[in-house]
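Chains as they are written, first to last, in our numbering: chain A, 1 to 370; chain C, 371 to 649.
The hints are simulated quantities; they were obtained by calculation from the structure and are not laboratory data. It cannot be assumed that every hint is accurate.
[What the hints assert, rightly or not] Covered stretches of chain A (in silico footprint by chain C; criterion: 3 or more residues with CB under 8 Å from a CB of chain C, positions within the stretch not fixed): (1) 77-86; (2) 222-233; (3) 308-317.
[Claimed, not checked] Here are the simulated BS3-like pairs of lysine-lysine, each with C-alpha atoms no more than 25 Å apart in a straight line: (4) A:K18 with A:K172; (5) C:K557 with A:K152; (6) C:K565 with C:K639; (7) A:K140 with C:K565; (8) A:K286 with A:K251; (9) A:K140 with C:K454; (10) C:K454 with C:K535; (11) C:K639 with A:K140; (12) C:K535 with C:K492; (13) A:K129 with C:K565; (14) A:K129 with C:K456; (15) A:K129 with C:K454; (16) C:K535 with A:K140; (17) A:K18 with C:K535; (18) A:K18 with C:K636; (19) A:K210 with A:K255; (20) C:K492 with C:K565.
[What the hints assert, rightly or not] So the derived label-pair ranges between C-beta atoms look like this: (21) C:T635 with A:D166: 15 to 23 Å; (22) A:Q110 with C:L489: 55 to 63 Å; (23) A:D133 with C:F556: 19 to 27 Å; (24) A:G185 with C:V466: 35 to 43 Å.
The model shown is predicted, which means the values in this text are computed figures rather than measured ones. We put the beta carbon where it would ideally sit given N, CA and C, even for glycine.
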Amino acid sequence: MAESVVFEQVSKEFGQHKALKNVSLSIHKGEFFSLLGPSGCGKTTLLRLLAGFDTPDSGKILLDGQDITHLPPNRRPVNTVFQSYALFPHLTIYENIAFGLRIANRPEEQIQEEVERMLQLIQMTEYTKRTPDQISGGQKQRVAIARALINKPQVLLLDEPLAALDLKLRQKMLLDLDRIHDEVGITFIFVTHDQTEAMAVSDRIAILHKGEVEQIGPPVEIYEAPKSTFVADFIGDTTFLNGHVAEPIQKDYSKVQMERFPGVMCFNDKALQIGDPVHLSIRPEKIHISGDPPPTHPLINVFQGEVEDVIYKGDHTHFGVKVHGQKISVTQQHSRYLLDEKPIRWNDKVWIWWHADDGFILERNSKGDE
Amino acid sequence: MTLPSFGWLLLFFLIPSLIIFAYALKPEDSFGGVGEGWTFDTILSIFDTNYFMLIWRTLWLSCLTTLFCLVLALPVGYQLAISKPKWRRLLLILLVIPFWTSFLIRIFAWKTLLHPEGLFKKLLVAFHLASPEATLLYNSAAVLLVMVYTYLPFAVFPIYAAASKFNFQLIEAALDLGASRIEAFFKVFVPGIKKGILTAMVMVFIPAIGAYVIPDLVGGSNSEMIGNKIAQRTFNDRNLPQASALSAFLGLVVLIPMALVALWTKRSKVIEAEARNKE
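Given the sequences, and given the hints that come with them, work out the whole structure.
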């Protein structure tokens with residue numbers, strides 16, 4: 001697949017703060033690519049370097065194979081949708097969208113044609129004469145996208161574009177973004193700290209942490225096979241247990257010795273040696289919970305515990321189960337909720353179990369992942 | 371408007387203005403006082419070619435002063451707003467420092483600088499920018515220079531105040547959409563601080579049009595302004611009605627554009643409110 005954007009060992013410092021440390025990543029043509037991470041991870045810096053608002057201290061940025069590292073922002077075929085929209089308050093919606101074409105001195109009829117096309121794309125043909133302070137947040141968002149797309153950029157950069165919207169609107173805008181991406185077919189780079197947004201729309205996600213790339217991959221891979229403790233912790237909910245490898249049993253499975261959890265079976269694809277320190281990460285929805293013990297099986301880990309928290313959320317219930325003094329979070333889907341079934345309550349003694357394939361072990365290096 | 375502020379306005383603005391307008395409608399008397407009865411003769415007497423030249427000069431000097439102040443203040447305000455706080459504080463102090471010196475002393479300083487033996491003149495001659503015979507003082511250019519110098523801070527402060535509230539991400543957005551820095555400055559920054567520019571224009575134009583001390587000290591007989599004529603009519607000629615007629619004219623020149631501005635901003639607010647109500 002052709003590469004649209006390539007970062008080659010890009011570093012950037014702001015005073016003492018190292019915003020990016022030797023970041024290398026490549027983004028395919030036409031891809032919906034997300035940069036995901038907590039605030040301060042360097043994702044916005046990466047975007048600003050690509051837009052041209054900042055220049056890297058070292059490294060190169062390529063766009064379609066051309067070095068654009070030192071090109072000013074107005075000469076890059078890249079456009080940005082800003083977090084606060086940054087619509088021009090003194091111009092109407094029509095003129096906001098037309099801005100890029102006016103700067104490029106396009107003929108009037110062409111401007112009109114292009115703006116009409118954009119207004120149809122964002123489904124806002126009736127609002128042309130309003131000014132930005134006369135439309136809603138979601139509408140501003142769409143105008144910002146149209147304004148950025150009208151110059152036909154090769155890459156569209158979206159800097160936390162949904163952060164200022166409420167939940168319902170955010171979900172609708174995500175679908176809209178996905179539709180617009182399908183229609184225009186260019187590369188979208190989406191910066192967000194919200195994992196559900198990134199998971200919902202991205203072809204691939206890069207997880208950034210303290211200026212470094214932790215993992216790049218499709219959403220499923222990031223969720224189901226996180227490569228580091230940080231990724232496992234950042235994406236979704238998870239319970240970590242500390243321990244070390246006790247013995248390899250069979251080809252793909254190892255028995256790990258956890259603090260307070262003797263002999264947990266888990267899938268081992270990391271070629272770990274006996275005694276290596278590890279984390280065991282288990283997603284709450286992978287754990288089964290019941291008042292009755294399950295049938296035994298060599299690859300199923302079963303523990304008995306006591307329910308500490310019960311949070312009913314309609315489609316599922318979240319439990320905090322205390323096992324040997326360690327709280328494990330468990331979610332139970334109500335795919336077949338029976339009202340006459342005896343519900344699990346606070347302080348109940350319960351059995352929890354998970355299959356060895358559903359818990360993954362992560363190397364715990366001595367320098368210490370938090 | 372609340373009652374105390376209305377009382378204040380009445381006492382210190384409306385009543386004095388009305389007295390001036392009333393005096394303009396009185397005849398002069400030969401002993402330097404105000405005559406009996408009412409007449410339009412005094413007002414008609416200012417529509418004289420001599421006065422016309424004076425009014426015309428006052429207007430273009432004030433307009434040019436306002437224009438130069440704006441041109442100089444815009445980049446200063448922009449730079450102040452994007453400077454780091456530490457630098458901004460220093461630059462603002464530098465702007466305020468001249469105010470610690472009396473206005474008159476600063477004008478005399480310019481007189482010394484522009485004097486045929488003055489430093490400024492010598493520098494210009496040294497760089498072959500002026501001939502040794504050129505006179506820099508006592509002409510309209512000197513008046514303009516000193517007025518721009520004097521009123522520049524009155525343009526910088528409102529522009530800086532507006533610029534510090536300006537969202538500079540809009541400049542990035544303009545650059546992102548292909549605009550050069552210059553285009554972004556004129557198409558996004560300048561319209562974005564429109565109100566500050568308007569305030570700056572008023573703050574410079576009003577004192578400029580009423581200037582009296584500056585043309586009196588650095589101007590010559592052919593660079594007099596209305597302010598000088600009013601002073602001359604009041605103190606030398608003891609002709610209060612004519613001085614009042616000139617003052618009234620000056621007042622109208624200032625008040626009419628301000629009323630138009632006020633009306634225009636009110637109208638645009640009404641339009642905005644209507645547009646919102648339609649939603």
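Here is what the structure says about each hint:
1. 77-86: holds (count 6)
2. 222-233: violated (count 0)
3. 308-317: violated (count 0)
4. A:K18 with A:K172: 36 Å, violated
5. C:K557 with A:K152: Holds, because 21 Å separates the two Cα atoms, which is no more than 25 Å.
6. C:K565 with C:K639: With a Cα-Cα distance of about 13 Å, the restraint between K565 (chain C) and K639 (chain C) holds, given a limit of 25 Å.
7. A:K140 with C:K565: 24 Å, holds
8. A:K286 with A:K251: It holds: about 23 Å lies between the C-alpha atoms, which stays within 25 Å.
9. A:K140 with C:K454: Status violated; Cα separation ~30 Å.
10. C:K454 with C:K535: Holds. K454 (chain C) to K535 (chain C) sits at ~15 Å (cutoff 25 Å).
11. C:K639 with A:K140: 21 Å, holds
12. C:K535 with C:K492: With Cα atoms ~43 Å apart, K535 (chain C) and K492 (chain C) exceed 25 Å; violated.
13. A:K129 with C:K565: Satisfied, since the Cα-Cα distance of roughly 22 Å is no more than 25 Å.
14. A:K129 with C:K456: 42 Å, violated
15. A:K129 with C:K454: 38 Å, violated
16. C:K535 with A:K140: 21 Å, holds
17. A:K18 with C:K535: Given that 25 Å is the threshold and the Cα spacing comes to 30 Å, the pair is violated.
18. A:K18 with C:K636: Violated - the C-alpha atoms of K636 (chain C) and K18 (chain A) are around 50 Å apart, more than 25 Å.
19. A:K210 with A:K255: 33 Å, violated
20. C:K492 with C:K565: 41 Å, violated
21. C:T635 with A:D166: 15 to 23 Å: Violated - the Cβ-Cβ distance for T635 (chain C) and D166 (chain A), about 33 Å, lies outside 15 to 23 Å.
22. A:Q110 with C:L489: 55 to 63 Å: Holds, at about 58 Å.
23. A:D133 with C:F556: 19 to 27 Å: 22 Å, holds
24. A:G185 with C:V466: 35 to 43 Å: Check failed, 57 Å falls outside 35 to 43 Å.
Against the hints set out earlier in the document, violations occur for numbers 2, 3, 4, 9, 12, 14, 15, 17, 18, 19, 20, 21, 24.
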